[in-house]
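**Student:** All chains, please: the whole structure from these sequences, using the hints.
If you read the protein sequences in the order shown, they are chains W and L.
Residues in the first sequence are numbered consecutively from 0, following numbering that gives the first Met the number 0.
Residues in the second sequence are numbered consecutively from 0, following numbering that gives the first Met the number 0.
Worth flagging that the hints you see were computed from the coordinates, not collected in a lab.
Treat the hints with care, as some may be off.
[As the list claims (entries may be wrong)] With beta-carbon atoms standing in for the labels, derived distance ranges:
{"id": "1", "chain 1": "W", "residue 1": "Arg34", "chain 2": "L", "residue 2": "Leu134", "range": "40 to 50 Å"}
{"id": "2", "chain 1": "L", "residue 1": "Ala185", "chain 2": "W", "residue 2": "Pro35", "range": "43 to 53 Å"}
{"id": "3", "chain 1": "L", "residue 1": "His258", "chain 2": "W", "residue 2": "Gly80", "range": "33 to 43 Å"}
{"id": "4", "chain 1": "W", "residue 1": "Gln28", "chain 2": "L", "residue 2": "Leu134", "range": "18 to 28 Å"}
{"id": "5", "chain 1": "W", "residue 1": "Glu87", "chain 2": "L", "residue 2": "Glu9", "range": "21 to 31 Å"}
{"id": "6", "chain 1": "L", "residue 1": "Glu9", "chain 2": "W", "residue 2": "Arg220", "range": "24 to 34 Å"}
{"id": "7", "chain 1": "W", "residue 1": "Ala129", "chain 2": "L", "residue 2": "Ala257", "range": "48 to 58 Å"}
[What the hints assert, rightly or not] To list a few chain W residues with every Cβ distance to chain L over 10 Å, as calculated:
{"id": "8", "residue": "Val71"}
{"id": "9", "residue": "Asp117"}
{"id": "10", "residue": "Leu142"}
{"id": "11", "residue": "Arg158"}
{"id": "12", "residue": "Glu166"}
{"id": "13", "residue": "Arg226"}
{"id": "14", "residue": "Asn287"}
{"id": "15", "residue": "Ala294"}
These figures come from a predicted structure and were not determined experimentally.
For each residue, glycine too, the CB sits at the ideal point set by N, CA and C.
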Amino acid sequence: MNASVVMPQDAPGRIPARAGIGLRFRHHQPVAEARPDVAWFEVHTENYMGGGTVPRYLDTIRRDYPISLHGVGLSLGSADGLDAAHLERVRNVIDRVEPGLISEHLSWSVTGGTYLADLLPLPMTEEALAIVCRHVDQVQAHLKRRILIENPSTYLRFRHSTIPEWEFLAHVAQRTGCGILCDVNNIYVSASNHGWDARTYLAALPPAAIGEIHLAGHSIRGFGQGRTLRIDDHGSRVAPPVWALYREAIARFGPIPTLIEWDTNVPALEVLMEEAATAQAILEEHSNEVACANAD
Amino acid sequence: MKSHAPTLIELQHAIRQSLQGGVDGDASAFVINEGLDPQERLGIYRNTSASVLVTALQLAFPAVRHVVGPEFFEGAARLFAAEAPPRSAWLDEYGADFPQFLAQLAQAASVPYLPDLARLEWRVNLVLHAADAELLEIARLATLGEAELEGLRLAPHPAAQLLRCEFPVDAIWHAVLERDDDAMAAIDLADGPVWLLVQRTHGDVRAGRLSEPEWSLATALFSGQPLGAALAAASGAEPHTLLAAHLARGCYTGCRLAHETMALKP
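**Tutor:** Rendered as structure tokens:
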């Protein structure tokens, strides 16, 4: 498969270019009952692979909101190949939820039949690029849908990497026709940790491929002697410099569906809605600027 | 220490060894050493990985965790995760071997009912996440002749599990999760064995006690024995009455006649 493959343009329950919220279990009931004013929700695919109450809540919520599926388990960068059983489970969730967008990560988690329970960094090599592209092709062919690939937050780099991460991601999109889920917080975290220029990263991504943006909070962890790393823990509000970078991303990419992620110490829904309102205001500012520029 | 550039599979095996066993040899050598040591950098991933798996086990075994205390539980869960890591990212199905691991853990031997409690919680976890399926319409069976009924095989509902425990862990499970100290104090550990049907009805998971004859009949039917053979082997005076009461529990999803190789739709 390549970039010319035909993908449905109007997926069921299309995700609007507005601010959405990552839906976690503790908010199932309030969302299903109160139907708050949120443009769309995103859930982790792996949390809905069984039956019973949990997916039934999502069925209910899906009737009122577009839903995006965000996976953590396909391990697109595994040298061993894809896990066919897991891919089939993903497809079953897609059949049930009819998501507007489907995304996964530029990372790996499985080797030798063991799931290592984290999104692990890939070496940025031609070999890894070929493997990731093969797996994205296989996933898109199996699902008969375009997927989005998210840039990772990383805490280490490999000596034998030869391709800048932003070029690697652009190559994957170009070769497979997949889209890019641009996680602005991850760009900020990785750029801080590795001394990259976040603007260079943004500038290298092909605007036409950007299908979604993620925003989340991160923390700073100390390692003694003044040494620190930024950790992408999704446990706080979006940091001010990440909001600034988000404005630049929207200026470059145009209005893109934007998700507020919060996974540890998940706060009340109202806090997430405040964060979403901030993102929405930036999206609307951009639209107004474009409208004014066109009127001139 | 390797000095050449590793292939992707070599790199991934080395990182797995580092994350699971804390053996840092090759993985560290592949990581750029600037600011932080490669070991410190790999340690971030090792900690995340371990805490994700500990959390998954905490969610599946909340009563076990309460009985042994959170610190002991975390230690045991970390040992288990290193010894028996999951095979896929569907973590709802991770932990099947944890009860057996606890049974062999010398430090847990002072709580004799702990492995039974863990077995019950694992069945509860399976039932909680089991696939949805329609219930068998019992009225349909009334349309069958005696010979057809003899050879009939029932398919257990995915959200139904049978379990026999030496200790009354259903009572312990309830008392622990409801933090009911009085109920806990009233439990007589000699009040076993118990024969349990763990079942999801309307979203709730319950562990109900069966009589030993009903449990034996259910075990025969769950294993795919034809109705006639299961009834012939049943103990007690009124096997048909027992069967009727058992079928009313709604723990089957389909059935097939002796000559059918494919299961009928429910």
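**Student:** Confirm or reject each hint.
**Tutor:** Each hint, compared with the structure:
1. In this structure the supplied range 40 to 50 Å is violated for W:Arg34 paired with L:Leu134, their Cβ-Cβ distance being about 31 Å.
2. At about 45 Å, the beta-carbon gap between L:Ala185 and W:Pro35 stays in the expected band of 43 to 53 Å.
3. Remark: the range hint 33 to 43 Å for L:His258 to W:Gly80 is upheld by a beta-carbon distance near 42 Å.
4. Judged by the Cβ atoms, the range 18 to 28 Å given for W:Gln28 and L:Leu134 holds: they are separated by roughly 26 Å.
5. W:Glu87 and L:Glu9 have their C-beta atoms about 29 Å apart, which keeps the hinted 21 to 31 Å range intact.
6. Distance hint check: the CB atoms of L:Glu9 and W:Arg220 are about 29 Å apart, consistent with the given range 24 to 34 Å.
7. As the Cβ distance of W:Ala129 to L:Ala257 is approximately 54 Å, the hint placing it in 48 to 58 Å holds.
8. Not every C-beta of chain L lies more than 10 Å from that of W:Val71, the closest at about 6 Å, which undercuts listing it as non-interface.
9. Interface exclusion of W:Asp117 from chain L breaks down, the closest Cβ pair being 5 Å apart, not more than 10 Å.
10. Distance to chain L confirms W:Leu142 as a non-interface residue, since its nearest Cβ pair spans about 16 Å, more than 10 Å.
11. Listed as a non-interface residue, W:Arg158 fails to keep its Cβ farther than 10 Å from every Cβ of chain L; the least gap is roughly 6 Å.
12. Once the 10 Å rule is applied to beta carbons, W:Glu166 is consistent with being away from chain L; the minimum gap is 18 Å.
13. The beta carbon of W:Arg226 sits about 6 Å from the closest Cβ of chain L, which is not more than 10 Å, so the claim that it is off the interface is violated.
14. Residue placement check: W:Asn287 keeps its beta carbon more than 10 Å from all beta carbons of chain L (closest about 41 Å).
15. Every beta carbon of chain L lies more than 10 Å from that of W:Ala294, the smallest distance being close to 50 Å; the non-interface claim holds.
Against the hints set out earlier in the document, violations occur for numbers 1, 8, 9, 11 and 13.
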